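Peer 1: Required output: the full structure, derived from the provided sequences and hints.
Order-wise, the sequence lines are chains A and B. Per numbering that gives the first Met the number 0, the first sequence runs over residues 0 to 396. Per numbering that gives the first Met the number 0, the second sequence runs over residues 0 to 396.
For the record, the hints were derived by calculation from the structure and aren't laboratory data. This structure is a prediction, so every number in the text was calculated from the model and none was measured. All C-beta atoms in this analysis are idealised placements derived from N, C-alpha and C, irrespective of residue type, glycine included. Please note: incorrect hints may appear among the correct ones.
[To be verified] Facing chain B, a subset of chain A residues (Cβ under 10 angstroms, in silico):
#, residue
1, ALA132
2, TYR136
3, VAL268
4, CYS285
5, VAL287
6, GLU292
There are 2 protein chains.
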Amino acid sequence: MPLGDSVPKAEERLARAALTRLTEPGDEKVGRWLRELGAERLARGLTGAGPPPSGVGEERLAGCRARAADLDPRRDLDTVARFGGRFLCPGDREWPGQLDDLGDARPIGLWVRGEANLRLWALRSVAVVGARACTDYGSYVSATLGARLAELGWTVTSGAAYGVDGAAHRGALAAGGATMAVLACGVDVPYPRGHAELIDRIAEQGLVLAELPPGGHPTRSRFVLRNRVIAALTRGTVVVEAEYRSGALVTARRARDLGRYTMGIPGPVTSGLSAGVHELLREGACLVTDAAEIGELVGDIGELAPERRGPVVARDLLAPALASVLEAVPGGAGGDLGTVARNAGLARDRALRALHELRALGFVERLDDHWKLADRTSTSDMGKPPGRRRSVRRGGS
Amino acid sequence: MPLGDSVPKAEERLARAALTRLTEPGDEKVGRWLRELGAERLARGLTGAGPPPSGVGEERLAGCRARAADLDPRRDLDTVARFGGRFLCPGDREWPGQLDDLGDARPIGLWVRGEANLRLWALRSVAVVGARACTDYGSYVSATLGARLAELGWTVTSGAAYGVDGAAHRGALAAGGATMAVLACGVDVPYPRGHAELIDRIAEQGLVLAELPPGGHPTRSRFVLRNRVIAALTRGTVVVEAEYRSGALVTARRARDLGRYTMGIPGPVTSGLSAGVHELLREGACLVTDAAEIGELVGDIGELAPERRGPVVARDLLAPALASVLEAVPGGAGGDLGTVARNAGLARDRALRALHELRALGFVERLDDHWKLADRTSTSDMGKPPGRRRSVRRGGS
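Peer 2: Set out below in structure tokens:
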């Protein structure tokens with residue numbers, strides 16, 4: 000569903016930032032108005048500065064006008080900038096195009112902390128989700144998956160909650176990997192409290208995303224709606240432990256409805272915390288037992304719309320910062336993160352982000368803790384799109 | 000593959016008994032000769048008392064003649080009779096017709112201990128198989144499945160081995176249920192040693208079957224070939240715990256190739272004893288977590304060939320022993336095994352066997368520890384074939 004967005008002008012960006020405060024995430028009516036009227040007219044219409052959109056109810060309008068009282072999108076943009084963040088809109092180069100699959104429920108924009116390129120990281124991302132009150136088994140499996148998926152070059156995406164989410168993020172962080180947290184609150188709100196440090200660490204090494212503007216607080220419905228972003232952003236969703244009627248199952252079923260892979264890690268049939276996963280598997284989700292099986296499955300999809308539509312990045316068109324990190328990767332067997340960072344004269348976190356972007360573009364590969372030039376990254380092959388490489392890999396598997 | 004067997008004459012029965020000693024189970028060449036020459040000519044040909052079958056190798060012929068030296072099928076029939084057993088042949092009313100699906104690898108005959116009607120019990124049977132050296136988890140799950148499947152009216156079928164097999168049999172026995180053990184040795188050989196008592200108990204309350212004649216000893220290849228009988232005899236095979244390359248997986252894949260349901264009980268991905276099961280599930284076997292799910296799945300097949308071909312048993316055509324037990328089942332909510340046995344003036348084991356046969360014929364139902372008349376077992380409905388009942392049940396599920 001290519002929505003044909005053009006690069007947003009400053010006014011549109013400001014209006015979209017305002018709309019993230021005026022409306023709730025995932026509201027399809029808002030999405031439709033946005034499509035029909037554009038962000039600026041819609042923001043004016045909802046705040047009383049212009050004619051209201053047709054069909055808007057009195058109650059909704061009153062709610063929007065109440066929220067409009069302390070509306071200051073410039074302040075929100077400044078706040079997120081102080082956290083080293085930004086506000087991304089459809090049409091931005093960094094916007095992950097696969098979110099278009101959500102149609103009118105597509106996020107109005109995304110508040111982002113962290114320096115990595117969201118679009119590139121999301122291209123090779125997998126969601127690992129599950130129970131907050133997971134067992135030691137779930138916690139162990141999540142951390143191991145997070146670490147191994149990261150080592151295989153996947154961006155581990157989750158919701159920063161206690162239990163499975165946190166373990167998956169931690170596993171990816173510990174393995175020096177890429178990880179993204181999608182929050183149901185503002186990117187500056189440490190929720191859950193006990194994960195304040197973890198979320199900060201993810202923002203340093205990875206990415207923290209939210210639809211809610213700075214200061215936004217989580218609610219039950221926002222958790223549910225947040226899940227659609229995790230589902231849409233990633234190539235597939237793995238559920239580690241989940242009871243019946245768990246939020247993680249919502250994410251997985253949403254992923255399935257969006258045409259993404261849904262996967263489950265089995266557990267003992269005697270454990271209520273595996274019952275939801277088993278239900279999902281009985282509905283047709285794919286049983287996976289380790290990161291390699293996950294990578295094999297989602298790596299094969301290869302054709303997520305935005306990747307196919309994306310620009311072909313030739314080596315000599317890489318941004319200078321990426322190009323210098325690519326130069327820093329030793330030939331042959333490659334080198335570990337420390338070597339690449341030293342060669343490039345960069346901090347480890349910064350080198351790692353660049354390596355994951357180069358990974359998404361197909362220039363480098365990660366094997367355990369080693370980074371090496373991709374087989375087809377040679378002088379004669381400059382500028383081949385990643386799709387070419389992937390199809391070669393698939394043939395060999 | 001209806002082979003159109005007629006009721007075997009005494010000479011044929013004797014010849015088939017002899018052939019179970021002269022040849023190895025599951026030998027398709029022997030099956031072809033048997034089909035072409037008949038049992039008597041084949042037995043004579045292999046013992047030197049007649050022309051050898053065309054294409055028989057010298058070595059094989061020498062082997063058969065050596066075995067012929069102490070051949071005495073009448074003695075074997077006497078031996079099994081002393082154990083309260085019998086020798087069943089294709090064409091016997093009690094022969095389970097679904098074994099025909101094995102084609103030329105169909106058993107030449109089956110040595111049977113136990114008084115239940117094999118044909119009727121096998122109609123509603125499920126195989127529960129798995130690792131010998133199972134974990135406590137596997138043992139617990141197997142015993143629970145055995146008990147619950149029995150309570151749901153299924154005949155729990157397995158191989159009497161240590162581990163999963165034994166736990167499944169024990170669960171069924173403890174629940175006062177129907178269970179069948181298919182051995183890779185003679186029905187009089189207590190193998191494994193430690194299960195001598197268990198096997199005797201199965202022969203009392205259930206059925207013990209073997210292709211090997213009395214005294215026959217198990218070998219590696221006989222275990223593998225025994226598995227095809229378990230797979231063919233039952234409506235589906237459930238694997239509880241199995242390592243990669245486990246014999247239980249052979250049974251399950253055999254079941255799949257025969258068009259039976261293959262099912263697996265998941266376990267922790269950290270357990271090597273669940274790895275084989277997970278592999279099977281990834282190949283497309285159905286993930287099941289309890290007996291109800293198993294019953295729902297295999298109960299739906301409803302159309303296993305022999306059942307469809309089977310005679311329609313009208314209530315007034317029931318054997319007197321069965322009819323008297325049917326009379327002994329209280330109307331309405333029914334009654335437990337003790338009540339039915341008392342009413343019928345029979346020992347519990349005997350009443351139980353009859354109830355399971357009546358269950359297979361669709362006259363009674365089992366709910367937990369209660370036996371009640373099936374919904375459609377009414378005066379006006381006498382003689383309706385079980386197939387009718389089942390289709391009604393399916394519509395309601």
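Peer 1: Take the hints in turn and mark each one as holding or not.
Peer 2: A quick look at each hint next to the structure:
| no. | hint | verdict |
| --- | --- | --- |
| 1 | ALA132 | 18 angstroms, violated |
| 2 | TYR136 | 6 angstroms, holds |
| 3 | VAL268 | 4 angstroms, holds |
| 4 | CYS285 | 8 angstroms, holds |
| 5 | VAL287 | 8 angstroms, holds |
| 6 | GLU292 | 8 angstroms, holds |
Violated hints amount to a single one, hint 1; each of the other numbered hints is respected by the structure.
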